[in-house]
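A.B. asks: Spelled out, the chains give:
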Amino acid sequence: MIPLEYFLAFAAVLFVIGAYGVLTKPNTLIVLMCTELMLNAANINFVAFSAFSGDAIGQVMVVMTISVAAAEVAVGIAILLNAYKVRKSTNTDDLVSMRW
Amino acid sequence: MGFVDLAWLVPLIPCLCFVIVGLFGTKMGEKTAYGGLLVVFGTAISFLIALLVSYDYFTACYPAAVESHILWFTIGGYEINIGYYIDSLSCLMMLFASFISTLIFVYSLGYMHDQEMRKRRYFAEVALFLTGMLGLAVSSSLLELFIFWEVMGLCSYLLIGFWSFRHPEGDDKADNAASAAKKAFLVTRLGDVCLMGGLFILFLAMGSLDYTVVFNADNLAAAWAADSGKLLLAALLIFGGVIGKSAQFPLLDWLPDAMAGPTTVSALIHAATMVKAGVYLVARCFPLFCMDKDIMLFVAIIGGATAFFTATMAMNNMNIKKVLAYSTLSQLGYMFLSLGAGGYLVALGMETGEEHLMVIGALGYTAGCLHMANHAFFKALLFLCSGSVIHSTGTEDMRLMGGLKEKMPKTAMTMLIGTLSIAGFPFFAGFFSKDLVLDVVFETFEESGSISWVFILLWILGIVTAFMTAFYMFRLWFMTFMGEYKGGAHGHCHGESPNCMTMPLMVLSIFAFAFGFTLTFGWDGVFTIGLVDGAWLVGGGEAESGLHWIVELFTNWKTYVTIVLVLLAIYLAHCMYVKGTMNPGKFNKDGKSALYTTISNRWYFPELYNQLSWKLGYGVAKGVDFFDKQVIDGTVNGLSSSVVGGGDLMSKAQDGHVQSYAIIVVGGIVALFVAAALLFAQFGGL
Numbered sequence: 001m002i003p004l005e006y007f008l009a010f011a012a013v014l015f016v017i018g019a020y021g022v023l024t025k026p027n028t029l030i031v032l033m034c035t036e037l038m039l040n041a042a043n044i045n046f047v048a049f050s051a052f053s054g055d056a057i058g059q060v061m062v063v064m065t066i067s068v069a070a071a072e073v074a075v076g077i078a079i080l081l082n083a084y085k086v087r088k089s090t091n092t093d094d095l096v097s098m099r100w
Numbered sequence: 001m002g003f004v005d006l007a008w009l010v011p012l013i014p015c016l017c018f019v020i021v022g023l024f025g026t027k028m029g030e031k032t033a034y035g036g037l038l039v040v041f042g043t044a045i046s047f048l049i050a051l052l053v054s055y056d057y058f059t060a061c062y063p064a065a066v067e068s069h070i071l072w073f074t075i076g077g078y079e080i081n082i083g084y085y086i087d088s089l090s091c092l093m094m095l096f097a098s099f100i101s102t103l104i105f106v107y108s109l110g111y112m113h114d115q116e117m118r119k120r121r122y123f124a125e126v127a128l129f130l131t132g133m134l135g136l137a138v139s140s141s142l143l144e145l146f147i148f149w150e151v152m153g154l155c156s157y158l159l160i161g162f163w164s165f166r167h168p169e170g171d172d173k174a175d176n177a178a179s180a181a182k183k184a185f186l187v188t189r190l191g192d193v194c195l196m197g198g199l200f201i202l203f204l205a206m207g208s209l210d211y212t213v214v215f216n217a218d219n220l221a222a223a224w225a226a227d228s229g230k231l232l233l234a235a236l237l238i239f240g241g242v243i244g245k246s247a248q249f250p251l252l253d254w255l256p257d258a259m260a261g262p263t264t265v266s267a268l269i270h271a272a273t274m275v276k277a278g279v280y281l282v283a284r285c286f287p288l289f290c291m292d293k294d295i296m297l298f299v300a301i302i303g304g305a306t307a308f309f310t311a312t313m314a315m316n317n318m319n320i321k322k323v324l325a326y327s328t329l330s331q332l333g334y335m336f337l338s339l340g341a342g343g344y345l346v347a348l349g350m351e352t353g354e355e356h357l358m359v360i361g362a363l364g365y366t367a368g369c370l371h372m373a374n375h376a377f378f379k380a381l382l383f384l385c386s387g388s389v390i391h392s393t394g395t396e397d398m399r400l401m402g403g404l405k406e407k408m409p410k411t412a413m414t415m416l417i418g419t420l421s422i423a424g425f426p427f428f429a430g431f432f433s434k435d436l437v438l439d440v441v442f443e444t445f446e447e448s449g450s451i452s453w454v455f456i457l458l459w460i461l462g463i464v465t466a467f468m469t470a471f472y473m474f475r476l477w478f479m480t481f482m483g484e485y486k487g488g489a490h491g492h493c494h495g496e497s498p499n500c501m502t503m504p505l506m507v508l509s510i511f512a513f514a515f516g517f518t519l520t521f522g523w524d525g526v527f528t529i530g531l532v533d534g535a536w537l538v539g540g541g542e543a544e545s546g547l548h549w550i551v552e553l554f555t556n557w558k559t560y561v562t563i564v565l566v567l568l569a570i571y572l573a574h575c576m577y578v579k580g581t582m583n584p585g586k587f588n589k590d591g592k593s594a595l596y597t598t599i600s601n602r603w604y605f606p607e608l609y610n611q612l613s614w615k616l617g618y619g620v621a622k623g624v625d626f627f628d629k630q631v632i633d634g635t636v637n638g639l640s641s642s643v644v645g646g647g648d649l650m651s652k653a654q655d656g657h658v659q660s661y662a663i664i665v666v667g668g669i670v671a672l673f674v675a676a677a678l679l680f681a682q683f684g685g686l
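If you read the protein sequences in the order shown, they are chains X and C.
Residue numbers for the first sequence follow this note's numbering, beginning at 1 and rising by one.
Residue numbers for the second sequence follow this note's numbering, beginning at 1 and rising by one.
Honestly, the hints are just simulated from the structure, not real lab data.
Note that the structure is a prediction, hence the values are computed from the model and not measured.
Among the hints, erroneous ones may be present.
[Claimed, not checked] To give a feel for the contact side, a few chain X residues facing chain C, derived at Cβ under 10 Å:
| id | residue |
| --- | --- |
| 1 | E5 |
| 2 | A19 |
| 3 | L23 |
| 4 | T24 |
| 5 | K25 |
| 6 | T28 |
| 7 | S89 |
| 8 | V96 |
| 9 | S97 |
| 10 | M98 |
| 11 | R99 |
[What the hints assert, rightly or not] A few chain X residues that don't get close to chain C, going by computed Cβ distances all over 10 Å:
| id | residue |
| --- | --- |
| 12 | M33 |
| 13 | L37 |
| 14 | G54 |
| 15 | Q59 |
| 16 | V60 |
| 17 | E72 |
| 18 | V75 |
| 19 | Y84 |
Think of the CB as a built atom: it goes at the ideal place given N, C-alpha and C, for glycine as much as any other residue.
Hey, can you work out the whole structure from these sequences and the hints?
C.D. replies: In structure tokens:
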């Protein structure tokens, strides 16, 4: 059996890659994809802990997270489309009107 | 319950008139003179009630004072009362104030007839003015008096400035009226602050401001024994208020300027209200002032000096109203001289226990009151006559008048009566009171011992003033009514004024002639003050019966001195201004002599005021302004601008980049974890 630490290390790597993408990528679509990475990093943790402790509640949580993430992506992409319609750009550096 | 309990109605009725006319005057229309008729009617009712109250008081209660009050409010352990206080002095005040005001208001109907809508403002304000005076007369405590005192101050400001916009003679005059009103307000304010301070100190010393407490001889003696300095200071400060209100030296300059108001207002201020309030206050506070004879000496000196100096100012003035204004100041000076000299003897009598000194001193009180009442009648008459002349000729400059006797016979004759009265021509009202005043001053000189040189000086000033009064008043009358007809501002005058203006003149002239004879009907018994069984009592003295005073006056060499001086002055004025046998220009180098210019410039009093207010007042104001703008405003503004600036600076952090916010969030979480990890490592567990 693969030890728990491997799962956790993998999830951490995945999470950091996602966070790095969120913080640095200029393209908003990629930022959205990176948030999915971060979510799934959390999901791996859930599943890993669930399998190791023998408690199904973690897996229930994952199903829930996936469904919420689907909704979130739908809303996010809709906003992005509208932003594109208005600004003709999905670059994060162009979407800066909410400031002082 | 008799009529005397209706005393509170006396000031209330003019007050109601003020409210009604003030609010609904414009709706009343031209037929009722925009509320003017209501005010005349209300004032007449008020006079009738005053008459009933006085009648009831003199038949039922005299000489004990009638006092009634209700609790107004309580501060700490002190109860502040409000009520009325009727004795012969307050009866006198409310009678002549309401009576003369009624006549003046009737006259105003004619005088102001072309003012249309502005009549509403005029009549509402004069009604409130009268409320102030009548309220002051019936007040039962000094605090209540002070309130009405201030009401009058406000109304005088409003009325003097009545023509401060849309003056019939143009904008210059309007500015003049506005600045005169401001001056009157500010100068009297100085006095009012003194009065308020005096009342505070008196309250501190006596624990109450009710007449019944404050003017109780035992209370006064106890307070004097406890702390004489406080009472002394209170009396001086109260007299300071009087100086402001009655325009005595050195706060005298506002009254001549106050001539910028309508002539009827001048008549009201000079005869029935306002300046008489100061005399009333001294008469009312007589027991307090008598606690120290030096206060009374001060009162007498201020009175004598004012009487003399203002009489000189009237000598060469060409403005008919200003001459009358100076004569008012001068006559008020006589009243204070009389009260002060008499009071000095009373105080001396109390100090040494000599009864006869107090009896002589009380005569000063009598003479002061008589002169106050006489003056009210003849000065109202003179002002209304001058108003009639101004109304007809359209100018106030006497050089443009002349020869009006044929054109305005009624005005000329009534004004002659007023002039004779104020000049002190034998058997006219002014003669009795003025000679009585001078008599009292002379007697004070004889009785006052080491300080007597002051009183002989004041007496000499007094008779010189009598001479000057006769001269300038006849100068005024001759220049206006005799000589060559010049026809006023437009080359022709409108002739005699309408009946509603001449009728009050005739009524007043009867009083101006005959009121002095009240002296032979027991005036000296009713208006006297003395310690009866150790308590101060106004009135209740023994009147000298019948012709006593006439005999007394005419067997006295001093009376003949003044009569001769008065006749001489009239003759001099006649030579100068009617016959022309003497050229007035010869005495003053055609208006270029130093004395002439000094007097024309009012002894440089306005100059002194200006210098003082510019150098001192303006300097202090600038300093205060600097402190206010730089220090106080600086602190407040600095605080607010630092907050605003800080906010501006911080808002730069909000650059709108979602990713930079996210970095902060992530960085924060990392920092939190690092800190938690360090703590964990440091303390080994949570």
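A.B. asks: Just pull the numbers of the violated hints for me, sorted ascending.
C.D. replies: 1 and 7
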